[in-house]
Structure formats: structure tokens, C-alpha cells
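Using the sequences plus the hints, can you model the full thing?
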Amino acid sequence: MAVTSALGRSETGTTRVSAALWRRGWARAVLTLSPPLLWFLVVYFASLVAMLITALWSVNPFTNNLVHSWTFSNFREIFTGTYLTIIGRTLGMAAIVTVTDAVLALPFAYFMTRVASPRTRKLLFTLVVLPLWASYLARVYAWIVILQNGGTLNWTFQHLGLGSPNIGYSNVAMWIVFSYIWLPFMILPVYGALERIPDSYIEASGDLGARNLRTLFRVVLPLAFPGVVAGSIFTFSLTLGDFITPLLIGGSSSNFIGNVIYSNIGLANNLPFAAALAFVPIVIMIIYLTIARFLGAFEAF
Amino acid sequence: MESRLTRVILRVWVVGVLLFLFIPIATIVLFAFSKSNILIWPIHAFSTKWFPIAWHDAQVRTALWLSIKAALFATAISLVLGSAAAFGVHRFRFFGRETISLLLVLPLALPGIITGIALKSAFNFAGITLSLYTIVIGHATFCIVVVYNNVLARLRRVSASLTEASMDLGANGWQTFRLVLLPTLSTALISGALLAFALSFDEVIVTTFTAGAQNTLPLWVFGSIRLGQQLPEVNVVVTFVLLVTAIPVAVAARLTGARGLTRSSAGTVREAAPEEPSAA
Numbered sequence: 235m236a237v238t239s240a241l242g243r244s245e246t247g248t249t250r251v252s253a254a255l256w257r258r259g260w261a262r263a264v265l266t267l268s269p270p271l272l273w274f275l276v277v278y279f280a281s282l283v284a285m286l287i288t289a290l291w292s293v294n295p296f297t298n299n300l301v302h303s304w305t306f307s308n309f310r311e312i313f314t315g316t317y318l319t320i321i322g323r324t325l326g327m328a329a330i331v332t333v334t335d336a337v338l339a340l341p342f343a344y345f346m347t348r349v350a351s352p353r354t355r356k357l358l359f360t361l362v363v364l365p366l367w368a369s370y371l372a373r374v375y376a377w378i379v380i381l382q383n384g385g386t387l388n389w390t391f392q393h394l395g396l397g398s399p400n401i402g403y404s405n406v407a408m409w410i411v412f413s414y415i416w417l418p419f420m421i422l423p424v425y426g427a428l429e430r431i432p433d434s435y436i437e438a439s440g441d442l443g444a445r446n447l448r449t450l451f452r453v454v455l456p457l458a459f460p461g462v463v464a465g466s467i468f469t470f471s472l473t474l475g476d477f478i479t480p481l482l483i484g485g486s487s488s489n490f491i492g493n494v495i496y497s498n499i500g501l502a503n504n505l506p507f508a509a510a511l512a513f514v515p516i517v518i519m520i521i522y523l524t525i526a527r528f529l530g531a532f533e534a535f
Numbered sequence: 348m349e350s351r352l353t354r355v356i357l358r359v360w361v362v363g364v365l366l367f368l369f370i371p372i373a374t375i376v377l378f379a380f381s382k383s384n385i386l387i388w389p390i391h392a393f394s395t396k397w398f399p400i401a402w403h404d405a406q407v408r409t410a411l412w413l414s415i416k417a418a419l420f421a422t423a424i425s426l427v428l429g430s431a432a433a434f435g436v437h438r439f440r441f442f443g444r445e446t447i448s449l450l451l452v453l454p455l456a457l458p459g460i461i462t463g464i465a466l467k468s469a470f471n472f473a474g475i476t477l478s479l480y481t482i483v484i485g486h487a488t489f490c491i492v493v494v495y496n497n498v499l500a501r502l503r504r505v506s507a508s509l510t511e512a513s514m515d516l517g518a519n520g521w522q523t524f525r526l527v528l529l530p531t532l533s534t535a536l537i538s539g540a541l542l543a544f545a546l547s548f549d550e551v552i553v554t555t556f557t558a559g560a561q562n563t564l565p566l567w568v569f570g571s572i573r574l575g576q577q578l579p580e581v582n583v584v585v586t587f588v589l590l591v592t593a594i595p596v597a598v599a600a601r602l603t604g605a606r607g608l609t610r611s612s613a614g615t616v617r618e619a620a621p622e623e624p625s626a627a
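These protein sequences, in sequence, are chains H and D.
Heads up, this note's numbering is the position in the first sequence plus 234, with the first residue counted as 1.
Heads up, this note's numbering is the position in the second sequence plus 347, with the first residue counted as 1.
So the derived label-pair ranges between C-beta atoms look like this: (1) L365/D <-> N446/H: 23 to 31 Å; (2) I594/D <-> A438/H: 42 to 50 Å; (3) R310/H <-> P389/D: 47 to 55 Å; (4) N299/H <-> I475/D: 17 to 25 Å; (5) T524/H <-> V355/D: 36 to 44 Å; (6) S434/H <-> V362/D: 27 to 35 Å; (7) L526/D <-> D433/H: 37 to 45 Å; (8) P269/H <-> L516/D: 23 to 31 Å; (9) G443/D <-> L396/H: 52 to 60 Å; (10) I330/H <-> S394/D: 34 to 42 Å; (11) V376/D <-> N446/H: 36 to 44 Å; (12) R573/D <-> G315/H: 26 to 34 Å; (13) P530/D <-> H302/H: 51 to 59 Å.
In case anyone wonders, no lab produced these hints; they're calculated from the structure.
Even for Gly, the Cβ is constructed at its ideal location relative to N, Cα and C.
In C-alpha cells form, the structure reads like this:
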């Protein structure tokens with residue numbers, strides 16, 4: 235028999251279910267959380283497991299078919315000279331890009347928090363966020379047009395009487411493009427960290443006799459550091475696995491982790507080795523995140 | 348405390364960084380209007396002739412249509428799963444809450460190539476042929492966090508008394524959801540959906556490994572650049588993609604404030620994040 239509620243409507247099965255769910259918070263949490271978590275479990279983590287299994291297989295060099303028997307040969311091959319050089323080169327690039335972005339971002343974010351008016355601040359925030367979403371491929375491609383021999387940069391330098399830099403298709407070009415692409419990822423957390431420094435800290439530092447530079451190095455920068463680390467997670471991690479920039483911007487000899495993985499899928503058709511190599515950025519990032527956590531990056535997000 | 352000189356230097360720095368951020372984008376848009384069929388600077392003559400040529404290119408059309416379909420499906424899935432995750436995390440305190448935020452952001456924070464190779468291995472493992480649906484699965488996986496961040500940020504700003512009042516007045520859970528919660532969440536949902544669409548529409552790294560023989564628009568662009576073919580059309584298409592990805596961001600910034608656009612969990616993990624002044 236239907237029970238009539240205060241509003242005069244009869245309570246149906248669905249209302250009773252929804253009321254029961256409302257009272258039991260945990261039931262609702264389970265109900266709402268399980269679909270997305272199931273997706274992540276089934277799609278993302280199962281795929282990572284499949285990648286691990288695939289990495290332990292090999293490819294028959296004659297038939298190009300997958301050989302489903304366990305072997306560590308792919309991982310052993312990674313630890314040979316060629317691949318260690320590639321990993322080292324990629325790590326070096328990721329580190330230089332991260333430092334470049336931190337250097338570019340710190341004064342920018344400092345200006346946003348301590349000099350800009352609220353209106354300018356909001357405008358700058360939007361101007362930083364916009365390139366973050368604007369087509370990644372378009373922004374990489376733009377640099378081909380700028381850096382190639384007949385491009386904008388050479389033309390500008392020639393007209394300024396500075397000669398042609400000719401840096402298209404080189405590691406320098408990649409350094410510029412990576413720094414460019416990931417810069418917003420650095421500015422935002424650094425801004426977040428600086429924004430949370432109370433004015434009183436800086437006043438106190440001044441009252442205690444510290445000059446501006448001393449305040450900058452002893453108060454502002456240490457407090458901005460977790461923000462830099464948080465930003466570096468993105469700049470570092472995304473540089474590690476990118477293959478578009480090495481392929482489009484890099485020279486013919488610039489092998490990085492990303493494009494080596496890519497070429498193992500395409501030309502070489504060696505999925506097991508590509509899978510094994512994909513674990514390199516994962517392992518590096520696990521180490522990196524552990525250090526970042528230690529340095530307080532997660533509070534800065 | 349900043350001296351006059353410091354302020355001047357900072358100002359110059361900021362202008363320099365902004366030029367660095369926007370000159371490449373402006374350059375590529377300019378080239379879309381170049382009449383020439385080679386990419387040589389300076390541009391000698393301007394024309395819009397490449398726009399209709401790109402628009403009528405059958406390959407571009409097929410790729411565009413595939414990209415739209417993939418982005419729509421991925422957006423739909425991430426809307427459902429992302430807001431469900433946000434509801435669960437918001438309403439219920441439990442051990443490992445922060446871990447869920449971290450988990451959801453992983454596909455965006457880790458290099459896309461990992462997601463790509465992992466999915467390719469899994470599809471290969473399960474004998475699934477690459478198709479529109481495998482593209483969608485990949486895209487949805489990294490789009491979920493975008494909706495999640497937006498909805499969670501909004502939920503944290505909605506006062507709990509609002510839903511309690513609704514319940515006190517006799518509305519049941521579903522009615523409260525439909526009549527109270529959904530209207531307050533609508534702009535967050537819209538901006539989350541727009542951003543997820545933008546992210547999916549432009550994605551190339553994961554898609555490289557989850558698309559079969561067919562091209563999405565970014566895959567077509569990537570392929571053309573590599574082969575150095577049809578570059579005038581590439582200029583046009585790339586400008587179009589820039590627009591498609593920038594417009595949702597502008598709209599989302601208006602709807603929810605620019606803070607929802609940080610891609611990491613910035614502004615959502617911190618409960619007491621100061622409110623971004625609403626766009627005037």
C-alpha cells in the first residue's frame with residue numbers, strides 16, 4: 235500500500251529508494267563512485283597490466299608475429315648503450331625544459347600576484363590558460379613555420395642584421411618548443427603558490443630588516459618552491475613521453491623516448507618492445523612523484 | 348615593496364612571456380590567409396582561397412566528422428562518469444579520497460604515450476579491432492578528470508543547507524537533484540563538457556595508438572605535416588582547430604571563472620580556494 239507523504243503525493247518505489255539512498259551516505263557514495271572507478275579499473279589499469287604482459291612477450295623476427303612466451307629480453311635491451319643514451323638525452327631535455335619554464339614562470343607569476351591589479355591579474359590568468367587548451371598540434375606546427383630556414387625567425391634576424399640562426403630541426407628547436415608548449419603548466423601552480431603568501435610575511439621580513447632581495451630569496455622563493463615542483467611534474471612528465479615534437483621539430487638524429495616508442499609501433503611493428511620502453515617514463519615518474527611529494531608539491535596544487 | 352625599477356623589469360618580462368605565448372599562434376593564423384602554396388615568410392599576398400579548398404577536401408571532411416563523433420561520445424561518457432565521481436567524493440568522507448583525484452588526473456599528468464601504448468596492448472590482448480569506439484575509450488579516460496574538477500569545485504561552493512532545505516520541504520532525493528542541485532551545477536557541467544570536447548577534438552598522442560586506419564582531424568594534420576603535403580590546407584585546418592579549442596575555453600572561463608581551467612586539480616583540492624571574480 236502506498237504511503238501518502240506530506241506533500242500529498244503517494245510514495246512510489248523510486249521515491250523510497252531515493253529516500254533510502256539519501257539517508258545512507260555510504261550507499262550513495264558506492265553507487266556514484268563505482269561506475270567511474272570501474273571505468274578506470276577496467277580501462278586504464280587493466281590496460282597497464284596488458285602493457286606489462288605485452289612487454290614480457292617478443293616478436294618473431296621472421297614472421298613479425300607476437301610470441302606469447304615470457305622473456306625479459308625487451309627490458310634487458312633497454313639497458314644497453316643505445317637506449318640508455320636515448321633515455322639520458324630525454325631526461326636532460328626534460329630537465330632543461332623544466333628549468334627554463336620555472337625561470338620564465340617565476341617573475342610572471344610574481345607580477346600577477348604582487349604588482350598587477352585584480353583586473354590585470356584576471357586577464358593574465360585567462361591569457362595563460364588559453365594556450366593551455368588551444369590546439370597542441372597547432373602550436374607545435376606554428377614553430378615549424380617560425381624556425382625552418384625560410385621561416386619567420388631567420389627573416390627577422392636577417393633584417394636586424396644578425397645573420398641566420400638556422401635552428402630549425404635541431405635539439406635547440408625542441409628545447410624552445412617544449413618550453414613553449416608546457417609553460418602554462420608551470421605558471422599556474424607557481425601563481426597558486428605565490429598567491430598564498432600572506433602580505434604580512436613580506437612586511438614582517440622587511441620590518442625585521444631584510445632588504446628586498448633578501449626577502450625574495452629567504453621568504454618568497456622558498457614558499458614558491460612547492461609550486462615550481464608541482465609545475466615541474468607536468469613539464470617533466472610530458473616532455474618524457476612526447477613524440478610529436480621530436481618527430482616534427484627535432485633533427486634526423488634526435489631520438490627521444492617518445493619517438494623511439496612510436497617508431498616501434500609503426501615501422502618496426504614491435505609492440506612488446508614499445509610496451510617495455512613505455513615503462514621507462516612510468517618508473518621515472520614514480521621516482522619523481524615520490525621526491526615531489528617529499529618536497530611538498532601536492533599541497534601546492 | 349617593489350622598487351620602480353623592479354616593476355619595470357617585471358612588466359617587460361610579462362610582456363615578453365605573453366609575446367612568446369602568442370606570436371606562434373598569431374603566425375599560424377596569418378599563414379592560413381596566405382595565398383601562396385609554400386610556407387615562406389614574409390607573406391606576399393593574402394587570400395581566403397584555401398578555406399573552401401580545405402572544406403571541400405574529402406579527406407578533411409571524413410576526418411572532421413570522425414573527430415566530432417569521437418569528441419561527442421567521449422564528452423558524454425566523461426560527463427556521466429566525471430560528475431558521478433565528483434558526487435561520490437564530495438558527499439562522503441573516506442580514506443583515500445585524495446587518491447581518487449590523483450588517479451583521475453593520471454592520464455593527463457602522465458605522458459599520453461603511456462595511455463596510448465597501454466590501450467593498444469589491451470585491445471591487441473583482447474582481440475578488439477581499432478575503431479571509433481577504441482578512440483572514444485581512450486579520449487574518455489583522460490576527459491573524465493576535466494568534468495570531475497569542474498563539478499567538484501562547484502559542489503564545494505554550493506552550501507549544504509540548500510539541499511537540506513529542499514529535503515526539509517518534502518522533496519525526495521531525485522527531486523532535490525533535479526530541481527536544486529542540477530540548476531546550480533548546470534554551468535559547471537556545461538563548461539566541463541566544453542573543455543572535455545576541446546581536449547578530445549585536438550588529441551593526437553593517444554589517438555595515434557587507438558585509431559585504426561581511419562584519421563581524426565589531428566591525425567590528418569600530423570600525417571600531412573610529416574609528409575610535407577597539403578600544407579596550405581593544414582594551415583587552414585589548424586587555425587580552425589585552434590578556434591574550436593579556444594572558444595570552449597573562453598565560454599567556460601565566463602561560466603565558471605578561469606580557475607576551473609587549470610587541468611591539474613588546482614582550485615579543487617584546496618577547499619578554501621578564493622573565488623575567482625565572475626567575468627564582467
